[in-house]
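Heads up: the sequence lines are chains A and B, in that order. Sequence positions in the first sequence follow the numbering used here and run 1 to 514. Sequence positions in the second sequence follow the numbering used here and run 1 to 302.
I should point out that these hints are in silico values taken from the structure, not numbers from a laboratory. No experiment lies behind these values; they were computed from the predicted model shown. Cβ atoms here follow ideal geometry from the backbone N, Cα and C, with glycine treated the same way. Mixed in with the good hints there might be a few duds.
No farther apart than 20 Å at their CA atoms in a straight line, the calculated lysine to any residue pairs in the SDA-like style are these [stated by the list, open to error]:
{"id": "1", "chain 1": "B", "residue 1": "K131", "chain 2": "A", "residue 2": "T472"}
{"id": "2", "chain 1": "A", "residue 1": "K202", "chain 2": "A", "residue 2": "L288"}
{"id": "3", "chain 1": "A", "residue 1": "K202", "chain 2": "B", "residue 2": "L97"}
{"id": "4", "chain 1": "B", "residue 1": "K2", "chain 2": "A", "residue 2": "T434"}
{"id": "5", "chain 1": "A", "residue 1": "K72", "chain 2": "A", "residue 2": "S91"}
{"id": "6", "chain 1": "A", "residue 1": "K181", "chain 2": "B", "residue 2": "K131"}
{"id": "7", "chain 1": "A", "residue 1": "K511", "chain 2": "A", "residue 2": "I438"}
{"id": "8", "chain 1": "A", "residue 1": "K372", "chain 2": "B", "residue 2": "L236"}
{"id": "9", "chain 1": "B", "residue 1": "K124", "chain 2": "A", "residue 2": "G473"}
{"id": "10", "chain 1": "B", "residue 1": "K80", "chain 2": "A", "residue 2": "T472"}
{"id": "11", "chain 1": "A", "residue 1": "K450", "chain 2": "B", "residue 2": "L26"}
{"id": "12", "chain 1": "A", "residue 1": "K61", "chain 2": "A", "residue 2": "N98"}
{"id": "13", "chain 1": "A", "residue 1": "K372", "chain 2": "B", "residue 2": "N229"}
{"id": "14", "chain 1": "B", "residue 1": "K41", "chain 2": "B", "residue 2": "Y3"}
{"id": "15", "chain 1": "A", "residue 1": "K450", "chain 2": "A", "residue 2": "I439"}
{"id": "16", "chain 1": "B", "residue 1": "K2", "chain 2": "A", "residue 2": "I512"}
{"id": "17", "chain 1": "A", "residue 1": "K143", "chain 2": "A", "residue 2": "K181"}
{"id": "18", "chain 1": "B", "residue 1": "K258", "chain 2": "A", "residue 2": "D345"}
{"id": "19", "chain 1": "B", "residue 1": "K41", "chain 2": "A", "residue 2": "F21"}
{"id": "20", "chain 1": "B", "residue 1": "K258", "chain 2": "A", "residue 2": "K436"}
{"id": "21", "chain 1": "A", "residue 1": "K450", "chain 2": "A", "residue 2": "L461"}
{"id": "22", "chain 1": "B", "residue 1": "K131", "chain 2": "B", "residue 2": "N35"}
{"id": "23", "chain 1": "B", "residue 1": "K102", "chain 2": "A", "residue 2": "P344"}
{"id": "24", "chain 1": "A", "residue 1": "K35", "chain 2": "A", "residue 2": "S24"}
{"id": "25", "chain 1": "B", "residue 1": "K41", "chain 2": "A", "residue 2": "T472"}
{"id": "26", "chain 1": "A", "residue 1": "K429", "chain 2": "B", "residue 2": "Y3"}
{"id": "27", "chain 1": "B", "residue 1": "K124", "chain 2": "A", "residue 2": "D345"}
{"id": "28", "chain 1": "A", "residue 1": "K450", "chain 2": "B", "residue 2": "F150"}
{"id": "29", "chain 1": "B", "residue 1": "K214", "chain 2": "A", "residue 2": "R448"}
{"id": "30", "chain 1": "A", "residue 1": "K191", "chain 2": "B", "residue 2": "E119"}
{"id": "31", "chain 1": "A", "residue 1": "K37", "chain 2": "A", "residue 2": "F21"}
{"id": "32", "chain 1": "A", "residue 1": "K450", "chain 2": "B", "residue 2": "T235"}
{"id": "33", "chain 1": "A", "residue 1": "K73", "chain 2": "A", "residue 2": "N98"}
{"id": "34", "chain 1": "B", "residue 1": "K124", "chain 2": "A", "residue 2": "Q177"}
{"id": "35", "chain 1": "A", "residue 1": "K429", "chain 2": "B", "residue 2": "N4"}
{"id": "36", "chain 1": "B", "residue 1": "K214", "chain 2": "A", "residue 2": "E431"}
{"id": "37", "chain 1": "A", "residue 1": "K372", "chain 2": "B", "residue 2": "Y3"}
Facing chain B, a subset of chain A residues (Cβ under 8 Å, in silico) [claimed, not checked]:
{"id": "38", "residue": "G311"}
{"id": "39", "residue": "E339"}
{"id": "40", "residue": "T341"}
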Amino acid sequence: MLNFTKIKIIIIYFILLFLIFFASLNLNNDNPILKKKVNLGLDLQGGSYLLLEIDTKPLIKERLQDKVIEIKKFLKKNNFNYNSFLINENSISFKIENDNNKKFQNLFFSTKDNTINQYIDQYRTHQFDLEIKNDSYLIKFSKYGLLTLNNSAVNQSIEIVRRRIDDLGTKEPTIIQRGEKRIVVELPGLKDPSRIKDLLGKTAQLNFRLITDKQDDFGSEKMISENGEEVIVNKKIIMSGENLIDAQPRVDNQSNSPMVAFTLDRYGAQKFGKVTTNNIGKRLAIVLDNKIISAPVIRESITGGSGTISGNFSFQEVTDLALLLRSGALPTPINIVEERTVGPDLGRDSIISGAISLIIGFVLVVLYMFYKYRIFGLIANISLVSNLLMLVGVLTILEATLTLPGIAGIILTVGMAVDANVLIFERIKEELRTEKSIIHAFDMGYSRAKITVLDANITTLLATVILFIFGTGPVKGFAVTLGIGIITTLFSAYFIARHLTSTYVLRNREKINL
Amino acid sequence: MKYNFNFVNYFKKFNFISLILVLLSLFFVLFKGLNYGIDFKGGTLIEVRVQNNDIRVSDIRDSLNKLNLGDVNVKNFGEKSDFLIKIEKKLNNNESLISEIKTSLDQDLNEEVNYRRVESVGPKVSAELLKSGIISIGLALLMMLFYIWFRFEWQFSLGSIVALFHDVIITLGIFSILSIEINLSIVAAVLTIVGYSMNDTVVIYDRIRENLSKFNRLEIDQVSNLSVNETLSRTLITSVTTLLALFSIFILGGEILKGFSFAMILGVIIGTYSSIFVASPVLRYLKVSSKTLEKKEDKIVP
Numbered sequence: 001m002l003n004f005t006k007i008k009i010i011i012i013y014f015i016l017l018f019l020i021f022f023a024s025l026n027l028n029n030d031n032p033i034l035k036k037k038v039n040l041g042l043d044l045q046g047g048s049y050l051l052l053e054i055d056t057k058p059l060i061k062e063r064l065q066d067k068v069i070e071i072k073k074f075l076k077k078n079n080f081n082y083n084s085f086l087i088n089e090n091s092i093s094f095k096i097e098n099d100n101n102k103k104f105q106n107l108f109f110s111t112k113d114n115t116i117n118q119y120i121d122q123y124r125t126h127q128f129d130l131e132i133k134n135d136s137y138l139i140k141f142s143k144y145g146l147l148t149l150n151n152s153a154v155n156q157s158i159e160i161v162r163r164r165i166d167d168l169g170t171k172e173p174t175i176i177q178r179g180e181k182r183i184v185v186e187l188p189g190l191k192d193p194s195r196i197k198d199l200l201g202k203t204a205q206l207n208f209r210l211i212t213d214k215q216d217d218f219g220s221e222k223m224i225s226e227n228g229e230e231v232i233v234n235k236k237i238i239m240s241g242e243n244l245i246d247a248q249p250r251v252d253n254q255s256n257s258p259m260v261a262f263t264l265d266r267y268g269a270q271k272f273g274k275v276t277t278n279n280i281g282k283r284l285a286i287v288l289d290n291k292i293i294s295a296p297v298i299r300e301s302i303t304g305g306s307g308t309i310s311g312n313f314s315f316q317e318v319t320d321l322a323l324l325l326r327s328g329a330l331p332t333p334i335n336i337v338e339e340r341t342v343g344p345d346l347g348r349d350s351i352i353s354g355a356i357s358l359i360i361g362f363v364l365v366v367l368y369m370f371y372k373y374r375i376f377g378l379i380a381n382i383s384l385v386s387n388l389l390m391l392v393g394v395l396t397i398l399e400a401t402l403t404l405p406g407i408a409g410i411i412l413t414v415g416m417a418v419d420a421n422v423l424i425f426e427r428i429k430e431e432l433r434t435e436k437s438i439i440h441a442f443d444m445g446y447s448r449a450k451i452t453v454l455d456a457n458i459t460t461l462l463a464t465v466i467l468f469i470f471g472t473g474p475v476k477g478f479a480v481t482l483g484i485g486i487i488t489t490l491f492s493a494y495f496i497a498r499h500l501t502s503t504y505v506l507r508n509r510e511k512i513n514l
Numbered sequence: 001m002k003y004n005f006n007f008v009n010y011f012k013k014f015n016f017i018s019l020i021l022v023l024l025s026l027f028f029v030l031f032k033g034l035n036y037g038i039d040f041k042g043g044t045l046i047e048v049r050v051q052n053n054d055i056r057v058s059d060i061r062d063s064l065n066k067l068n069l070g071d072v073n074v075k076n077f078g079e080k081s082d083f084l085i086k087i088e089k090k091l092n093n094n095e096s097l098i099s100e101i102k103t104s105l106d107q108d109l110n111e112e113v114n115y116r117r118v119e120s121v122g123p124k125v126s127a128e129l130l131k132s133g134i135i136s137i138g139l140a141l142l143m144m145l146f147y148i149w150f151r152f153e154w155q156f157s158l159g160s161i162v163a164l165f166h167d168v169i170i171t172l173g174i175f176s177i178l179s180i181e182i183n184l185s186i187v188a189a190v191l192t193i194v195g196y197s198m199n200d201t202v203v204i205y206d207r208i209r210e211n212l213s214k215f216n217r218l219e220i221d222q223v224s225n226l227s228v229n230e231t232l233s234r235t236l237i238t239s240v241t242t243l244l245a246l247f248s249i250f251i252l253g254g255e256i257l258k259g260f261s262f263a264m265i266l267g268v269i270i271g272t273y274s275s276i277f278v279a280s281p282v283l284r285y286l287k288v289s290s291k292t293l294e295k296k297e298d299k300i301v302p
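Next up, chain A with everything else stripped away, as it sits in the complex:
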């Protein structure tokens, strides 16, 4: 175990220098080619972490609502006598009198050109399931129908969330999907996420509808206008936010009040022009998320494809409204289910206290090892330093994120890393008691301790793997540093420390004192 071939020595120190080189990249950041470095987690550099969850319930109901006319047409076209037609929370139900339970089913589940119940090739299944009990029919989303709906809603939401956050000018945000319904948003350096939370809390579904004067029992609803007056609004949507291509905050020249100026696409401009021409004198309700934000009287036809929304807004409100309209509507409401924000000064404090405890812990361990083993303690300490440098090197190559628990993981590595060398040295001491040849004792010590060192470290490694899989955020950072630390520990004990020991022992075979 004490013999090293030249090539082996070269490889060992090449790996060491290679990793030290990467570790050194963290010192100066000017290297233009290799921009790798260890990133600081949000708990160290300060920033905000938000976990968003989309709520698909309203979307399901909305999609079912969209299906109603189609289904009714389909029933009429195929001469079904239906009644008790109902839209429920997540299903549509009705009764058919003149069906033998086969005809409807065959039509509903046809795979060719099925417009009413789309066939999803990818999953080999239809969008909707059908439940029949006697003459009662229940239509609801199939498992994969729901999944498709969910996936497109999440993807769309991520896009909209990204646009809203980018629009605010936050630096380097991370926005990724987690699990089926969740979106992780990380905003480094952000001190107070309340504005972003406000913006993400609104779906921003905008539509333009007419206010009528008579209470119609079909196709209209009562709403409260922006100045508290009760009005009746037609359910028919003239135009929605989808037709908007731009929105900007403005200040009205005459009244000096803030407003939003918007521009419509061609289709929207045409439609808006037609409706305003035909309804001069009537009032238009501008509805955002089911609340009237403004209800102006149409004074003239607006055909140019641009217009303004004014109301009792502050400048902040118009800025936000313009941003929301520009970035588009979320397909479904989003809830913020977890939030963690660390201020920049706490982050700085954590770095300082982390660094201090690392240095003190390191110095204590180094002194203790030197006290215990003298020259071999020195060797163990050199291997400990290379161990730490290699650990940082690997973290740099992986561009891992260093968190506060991650620093704790490094300190713990310092404490536990010497264990491999302690095991070996203690074993050598035992061998020295029975063995006459010093070299032979060292050789036996290394080879006999090998299994124990491996067994002992693999158990800790197993625990860190589990921590890595199940842990989130900062805790994951702990698993990363501790896990990599174990591997670099094995390398430095069995290659670097062993090589140094062998060099020393072979040169001073007469005066070894362990």
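Assemble the complex: chain A is given as a structure, and chain B must be docked to it using the hints.
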């Protein structure tokens, strides 16, 4: 240094103490319960730093009580001007809650309060975090069980798992007695304890196995005693270096790492104790002898 303690003589005494400690811990965990933090219970946590040194816990509590937040817990956190506020109120959508609190505090304390940390966890997420915490600890124990089973004989596997349960239960018991908050980093600590305690046990077991085949006429008691003594100096040195590192975090690492490092310190002490006084005696109760190894002779030779 060469040790020659007669550990076996104390096995019975310490096993009895261990049993009592485990039962006591179980009693506390089951009846007093654990003090779950917002990670596992849901709620909001705010760490503030104020400039005015005269501000007391009661000032902050009074300001918050006006908002009708239900159970509010305010305490000093590290320095005199640092406070930790915990609000148990669970809201699925807390968009306005935090800004309401900030407005109220800024107004009542009459200064621009420094919000060093804000954490808010919804009920659904906290339930999931708790579940994955329990699963990960369970899975870690299971993996250790199989690893030792694979590397040693089943008696050793059982012995190490008994020692692990002993360590985890007593650590949790102490947490329950002292009402220390259980959060995500405590789960990380418990998992590391599992790894560390295993590490210690494996070193002793390795030696017991080696000595069992070397001195096949000795009884398991003598072999255990010899092995524990032979590895004792390593056990102590490693515990000392690990504890040096941990105390350094505990004293200098800041408030956030206090609970974590405290759990680890407890775990290292209990883990070291258990590999000597719990894991080794189990082999005796399971009647391990050199014959136990013979059946799988070809597998165990290193």
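Hint-by-hint comparison with the structure:
In summary, the hint linking B/K131 to A/T472 is supported, as the alpha carbons are separated by about 13 Å, within the 20 Å threshold. As the CA atoms of A/K202 and A/L288 are separated by approximately 9 Å, the hinted pair is consistent with the 20 Å bound. At most 20 Å may separate the alpha-carbon atoms for a hinted pair to count; A/K202 and B/L97 meet this at roughly 16 Å. At roughly 13 Å between alpha-carbon atoms, B/K2 and A/T434 fall within 20 Å of each other, so this suggested pair holds.
Straight-line distance between C-alpha atoms of A/K72 and A/S91 comes to about 15 Å, which keeps the hinted pair within the 20 Å bound. About 18 Å separates the Cα atoms of A/K181 and B/K131, which keeps this hinted pair within 20 Å; it holds. For a cut-off of 20 Å, the pair hint linking A/K511 to A/I438 stands: about 10 Å separates their Cα positions. Pair hint A/K372 plus B/L236 holds up; C-alpha atoms about 12 Å apart against a cutoff of 20 Å.
Between B/K124 and A/G473 the CA atoms are separated by roughly 17 Å; this keeps the pair inside 20 Å, and the hint holds. Our distance criterion of 20 Å between C-alpha atoms is broken by B/K80 and A/T472, whose separation comes to about 31 Å. Distance check on the hinted pair: A/K450 and B/L26 sit about 38 Å apart at the alpha-carbon level, beyond 20 Å; violated. For the hint linking A/K61 to A/N98, the alpha-carbon distance of about 28 Å lies beyond 20 Å, and the restraint is violated.
This hinted pair checks out: A/K372 and B/N229 have alpha carbons roughly 18 Å apart, not beyond 20 Å. For the proposed pair B/K41 and B/Y3, the alpha carbon gap of about 48 Å is over 20 Å, so the pair is violated. The straight-line distance between the Cα atoms of A/K450 and A/I439 is roughly 17 Å, inside the 20 Å bound, and the hint therefore holds. With a C-alpha separation of about 18 Å, the suggested pairing of B/K2 with A/I512 holds against the 20 Å cut-off.
Annotation: proposed proximity of A/K143 to A/K181 holds, straight-line Cα distance about 15 Å (limit 20 Å). Straight-line distance between C-alpha atoms of B/K258 and A/D345 comes to about 19 Å, which keeps the hinted pair within the 20 Å bound. Distance check on the hinted pair: B/K41 and A/F21 sit about 45 Å apart at the alpha-carbon level, beyond 20 Å; violated. Our distance criterion of 20 Å between C-alpha atoms is broken by B/K258 and A/K436, whose separation comes to about 49 Å.
Annotation: proposed proximity of A/K450 to A/L461 holds, straight-line Cα distance about 16 Å (limit 20 Å). Taking the CA atoms of B/K131 and B/N35, the gap is about 16 Å. The hint holds against a cut of 20 Å. With a CA separation close to 17 Å, the supplied pair B/K102 and A/P344 stays within the 20 Å bound. Taking the CA atoms of A/K35 and A/S24, the gap is about 12 Å. The hint holds against a cut of 20 Å.
The hinted pair formed by B/K41 and A/T472 meets the criterion: a straight-line CA distance of about 16 Å does not exceed 20 Å. Between A/K429 and B/Y3, the direct Cα distance comes to roughly 13 Å. Compliance with the 20 Å bound is thereby established for this hinted pair. Simply put, B/K124 and A/D345 have alpha-carbon atoms about 31 Å apart, too far for the 20 Å limit, and the pair is violated. With a C-alpha separation of about 18 Å, the suggested pairing of A/K450 with B/F150 holds against the 20 Å cut-off.
A hinted pair counts as satisfied when its Cα atoms are at most 20 Å apart, and B/K214 with A/R448 qualifies at roughly 14 Å. Between the alpha carbons of A/K191 and B/E119 the distance comes to roughly 13 Å, so the proposed pair stays at or under 20 Å and holds. Between A/K37 and A/F21, the direct Cα distance comes to roughly 11 Å. Compliance with the 20 Å bound is thereby established for this hinted pair. Proximity of A/K450 to B/T235 is assessed by CA-CA distance (about 16 Å); at most 20 Å being required, the pair is judged to hold.
Between the alpha carbons of A/K73 and A/N98 the distance comes to roughly 16 Å, so the proposed pair stays at or under 20 Å and holds. Distance hint between B/K124 and A/Q177 is fulfilled; the C-alpha atoms sit about 17 Å from each other, no more than 20 Å. At most 20 Å may separate the alpha-carbon atoms for a hinted pair to count; A/K429 and B/N4 meet this at roughly 16 Å. Among the hinted pairs, B/K214 with A/E431 is consistent with the structure: their alpha-carbon atoms are about 15 Å apart, no more than 20 Å.
For a cut-off of 20 Å, the pair hint linking A/K372 to B/Y3 stands: about 16 Å separates their Cα positions. Of the supplied interface hints, the one on A/G311 is violated, with its beta-carbon coming no nearer than about 22 Å to a beta-carbon of chain B, more than 8 Å. About 4 Å separates the beta-carbon of A/E339 from the nearest beta-carbon of chain B, less than 8 Å, and the hint is met. Using the Cβ-Cβ criterion of 8 Å, the hint placing A/T341 at the interface with chain B is satisfied: the shortest such distance is roughly 4 Å.
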